[in-house]
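*Asks:* Next come the chains, spelled out residue by residue.
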Amino acid sequence: MGVGLVHYLAVGLVLFCLGLFCVLTRRNAIGVLMGVELILNAANVNFIAFSRFGVAGYDGQVFSIFVIMLAAAEAAIALAIVLGIYRRQRSIDVESMRLLQG
Amino acid sequence: MADASLSTAVFYLLAGLSVIGAAGVAFSRNIIYSALSLMASFLGVAGLYVMLYAEFVAGVQVLIYVGGVLVLTLFAVMLTQGIQDVEVSNRSVGRTIGLVIVAGTFAVMMKAFMDAKWRIADPAATMPSSTYGIGDALLGPYVLPFEVASIVLLTVLVGAVVLSRKEVGERDRKDA
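In order, the protein sequence lines correspond to chains X and Y. All the letters of the first sequence, read from the start, carry residue numbers 647 to 748 under my numbering. All the letters of the second sequence, read from the start, carry residue numbers 463 to 638 under my numbering.
Same shape as in the complex, but just chain Y (with noise of 0.2 Å):
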């Protein structure tokens, strides 16, 4: 029992971690907190994913989120932005109408999925280590899948060289 109550103090706290992090994320007024906040809000999810016995989605989440998509983003914002004008660089408008439609949204999905009949497998049993199943699947139902993506990430690779590189010619006729 006392078991049972630690999970669920844990889940509290990364659920609140995750939570609180993407508020951050939604209101902060300085776009640096704003990535910070997007950063905690991924390891929150990711201690979430532990908790879920995906311990490899966890481990892609921290290496591939918080280690690749954070820095890009950190890198982007402090290409773009002067680090003096960071204070206003972070404007948002039509809070009211924003507010408006995710009330909505929450209103019709929270009553969509507490009306729902889940069909719920036998919660006890635990699944055995999901590394083994996850590449078990990778290599098995989900090969094309799996293979497609690995074009997908040449094409994004080569096209993100293409799109951010600097045009070398142009600025050298300038400076001539």
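Next up, chain X with everything else stripped away, as it sits in the complex (with noise of 0.2 Å):
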């Protein structure tokens, strides 16, 4: 059996799940953000997946450049911002930003 759209589909699960038990437990916020990269990798394996098997032409394709474009994007902020935190605090652990809590 050769390989098919559900086996992109199931990469694209396990990788996010790796990517949402990364977000979950880590307590370094680099950390999480890499989780959330993986989250949208999966999510761009599964557009670029049907693109491939689906009917709907290179549509999938342009979503994917648009997620990798805004992944980028806030990639520099979110690190941005982890930078500014580490200034404020000397830590990036998310467990000791509670600044707005009562």
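Hints in this document: simulated from the structure, not taken from any laboratory. Every residue gets a Cβ at the ideal spot worked out from N, C-alpha and C, and that includes glycine. Just so you know, nobody snuck in bad clues.
Some chain Y residues near chain X, calculated using beta-carbon distances under 10 Å:
hint, residue
1, Ala477
2, Ala484
3, Val522
4, Gln523
5, Gly556
6, Leu561
7, Met571
8, Val614
Distance windows between CB atoms, simulated:
hint, chain 1, residue 1, chain 2, residue 2, range
9, X, Ser742, Y, Lys628, 18 to 24 Å
10, X, Gly700, Y, Ala565, 25 to 31 Å
11, Y, Ile563, X, Asp739, 17 to 23 Å
12, X, Met743, Y, Tyr495, 21 to 27 Å
13, Y, Leu601, X, Asp739, 42 to 48 Å
14, X, Arg736, Y, Leu619, 23 to 29 Å
15, Y, Glu609, X, Glu741, 37 to 43 Å
Example chain X residues on the side facing chain Y (calculated, C-beta under 10 Å, incomplete):
hint, residue
16, Val649
17, Leu659
18, Leu664
19, Ile676
20, Gly677
21, Leu679
22, Asn690
23, Ala695
24, Ala726
Two independent chains are provided; combine them into the complex using the hints.
*Replies:* Put into structure tokens, the structure is as follows:
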């Protein structure tokens, strides 16, 4: 049996679950961001698999380009924020970020 | 037939690379190793894109993720952690609860896409060069999101500079 749509979706699902686990359990803000990148990658795998095996033509690939663009933007802004928090608190542990907690 | 089994083997190799890399990101104790595993995962996913006839997206993936996002992440790691305390820097808590949530998500989504009736186009039909199609789509039906994306990127550029620059004024005052 050749490699079909379901195989790629399974890879995307495993990547998504590992990214979700990373986001849920990491206490380092940069670790959480890495989990977010994994989740975005999983979404991209699905987009491109549907673009290959589906009937929508290139739409999936165009969407994945936009996702990559937004992921780069998110990484730049989020890491700048993390650096700012580190300068202020000397820590990027997300449990120590409770400035807004009443 | 030999061709098909070769491409199947390459698929499993690349899928294994990306999944093992992702596992390294999720489970590694050292955040530097996490970042390097993330690179392996990105490269494996780029290989999968090539297998899906999306060579342009694969190139973009390597350029932006491996060349940009990952370097940025490594810089952030090195600017925020002393290299010496890197062993304890990647603490993770609540692993049991996390595993339960992730296993539940996995089961639900696996069942969803195994049960779904996908409308699969003729897989034998190979697509022509993806660069041509993407360019056509970006300047055709997707021209408005494309232009908005350029504004987003400009905003991000300015915003990242503003957020991460040093407050020069205060430091000068302290020194004086």
